[in-house]
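The listed protein sequences correspond, in order, to chains Z and D.
Residue numbering for the first sequence follows this note's numbering, starting at 4 and increasing by one per position.
Residue numbering for the second sequence follows this note's numbering, starting at 146 and increasing by one per position.
Because the hints were derived from the structure by calculation, they are not lab data.
Don't take every hint at face value.
Restricting the straight-line Cα-Cα distance to at most 20 angstroms, the calculated cross-link-like pairs of lysine to aspartate or glutamate (EDC-like) are [said to hold, decoys possible]:
#1 K191(D) / D505(D)
#2 K555(D) / D43(Z)
#3 K456(D) / D227(D)
#4 K277(D) / E251(D)
#5 K277(D) / D170(Z)
#6 K220(D) / D43(Z)
#7 K471(D) / E260(D)
#8 K555(D) / D68(Z)
#9 K301(D) / D398(D)
#10 K555(D) / D47(Z)
#11 K265(D) / D491(D)
#12 K471(D) / D457(D)
#13 K224(Z) / D164(Z)
#14 K191(D) / D181(D)
#15 K265(D) / D505(D)
#16 K220(D) / D47(Z)
#17 K543(D) / E230(Z)
#18 K386(D) / E230(Z)
#19 K471(D) / D489(D)
Remember, it's a predicted structure, so these values are computed and weren't measured experimentally.
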Amino acid sequence: MKRLSTDRLWAMAVLAPSIILLAVFVYGFIFRTAYTSLTDWGNDPAQAFSLTPIIRFIGLQNYHDLFTSGLNTRFRQDLVSTLFFTIFFIAGCLGLGLAMALLLDRNPKAEGLWRTIFLFPMSLSFIVTGTIWRWMLQPQGGLNQLLHLNPASNGWLTSRDSVWSFDWNKLPLITAVLVALALLWVGWQALRSAQRTRMGVAFGCAALLLLWALVIGPNVKLLPAPELHGFNIAFIGIIIAAIWQMSGYTMALYLAGLRGIPEELREAARVDGANEWNTYRHVIFPLLAPITLSAMIILGHISLKIFDLVFAMTGPDNGPTDVPALLMYITSFRQNALAVGAAIGTVLLLLVAIIIVPYLASQFRSQEGHA
Amino acid sequence: MKKSIKNALVITAALGLTAQALAANKIEIFSWWAGDEGPALAALIKLYEAKYPAVKVDNATVTGGAGTNAKAVLKTRMLGGDPPDSFQAHAGQELTGTWVVANRMEDLTSLYKSEGWNSKFPKAVIDLISYKGGIYSVPVDVHRSNVMWYVPANLKKWGVSVPKTWHEMLTACTTLKAKGVATPLVMGENWTQQMIWESLATGMLGAQGWNNLWNGKLKFTDPKVVATFSMYGNLLDCANKDASGLSWQQATDRMLAGQAAFNIMGDWAAGYMTTTKKLKPGTDFAWSASPSTSGTFIMLADSFGLPKGAKDRTEVINWLKVLGSKQGQDAFNPLKGSIAARTDSDLGKYGAYSQSAANDWKKNTIVGSMVHGAAAPESFTSGFGSINDAFVSNRDAKAAAQASQDLADKSRIGM
């Protein structure tokens, strides 16, 4: 008993510094940022950098402005851009990473060399990647020169076109429909596995949401006038650079997963008469699912927080390729609207939390299970 | 025993004195001048060190982002209670709107009196750097925002003359397009586009109208201002579509290469073309005031001030005296490619473009640049980038004017 308690004391003494540092510099600052976002700090320029600023608590006003005020169109476009960027970036990295991993898993010649080459871009920082790809993609850059393309019509990063536009006013409606569809799918799965309560709840919620979307949804107006947001074509260049950087890493994850699948399983599948494709389809891919999930989480939080790559590729002032993290920086430190900057930061934190927290919770639970 | 105590006391006192002397004889100068502008700052520092050899100068430069990074570092340092002794800021509202209104700067009126600067700097400049009767910074250099550049031989080849007004510009644009010049007017990334609007608005509203925008007497929603945005839209049709991917140098290169006829850019372009490109001013390239703005000088200037709580106040005041002196300005500006803010500079030290700019500086009506922080505070300038971006995409003049007015209200312009 006595030994155990000295042990514990030691453990606490060793852990204390990092716990205190975490508490102050991570959670303390998160709290401080969240609080700042509820104030009007910087909304009056004279108070922004005053020695004794008068800072008032204004509740959720900054958030309300971000989502509905005419001056914050850029923030809303940034959110939409982030969504599209995240989808394409994750899809691209997973697809390319898996393809490279499958190729390398067949033990080609000089496998180690290929692996290093594919993994190499990850060792660069996003700033370096961004600079390289800016040189390649800018109007008079490498790609246009190499392929003799006309810079005026091949704007990799400079296009002002936008596709898949939707009216921001329809956002609640679209969200409700999408969530309802997801719930319907959950209900359908429950029906198939005969989980009656789960099915009931899922179908019930879906019906409620659809009812809302049909009856009340069309009358909800966030903005006085329609405001179109869509996927900006100029983002394609940035997506290419980001995939180039991170697909090698995804490959490494998949390769580790593939190497972890015992040979016996593949042999058993072959004995059972499965051809190559069916082995992958029914044996290997399902076993890679946890890797895909981990990769999605890691890539997802990188893409939500992306800043340096965009800063290096198109600078802080290019609306079509703007992201919330960049907007947060210039809103806080150039426009001096510190509270609004804090609000953008908090929105970003919440977005990342939506992805990370369920994952951490499930990891935590499965670890508890193992112990 | 007694002697050793005495010795110890003497040593301690001596140490104390040296420490004090060390502490007093230093100055930290905070700027974003590196690269091409580094030698100009070095010349100033050399001059200062020659005058005050006992002072150790700490040249604290934060590079990148055209000053954006330096300003972010400056702001965190000020909030953290660690102001640099003297820092670079664009003269005018950039300094006033962020630091003077926050009561962070010392009034320099007495310095201006003792050095006799009130008669040496143009009155319009003193007005731009004043706030509620106090003068808050010392401008080191002056650049001009409304300059239009062209290659005379190319214009001759295409048979167009230099447009004097914006309507003539549109006519020239049509002629040039008919002759196969796809982009009569070349522009670069966001801020260079804003400079075109700035020239345009000053030209169409007149110097007084432009000033009225910034003192709140003229609203952005006024039809006259909406018209400037419509005209800007017409000009965008004469410009290149890949602008957002070009630096100002690349835009200038296109004009020089004959892919475009005109380029509106600040007069740092003169330095780029003469020094980097080794071109001869007047023959290889030429310039005029941007259309409809001849007789008006849209100025921007770098300046230094004295933050409250500066650790080395005396040294800073001496530094400011060097900056504002004729000798200091004539050491700095020929190297940077700018002109002196003082009107009595020694023109023999300057290049051909700078001499013509210095003559205009004495004769023209001086107004402040919005893009470069002379006429409008950072809160406005920064937000206007987004408005410009939205306008370039949707060309909605009314919406741009309304958004500008909302932004002006939020930035408390004219209040």
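**OP:** Compare the structure with the hints numbered earlier in the document and write down the numbers of the violated ones, lowest to highest.
**Re:** 1, 5, 12, 13, 18
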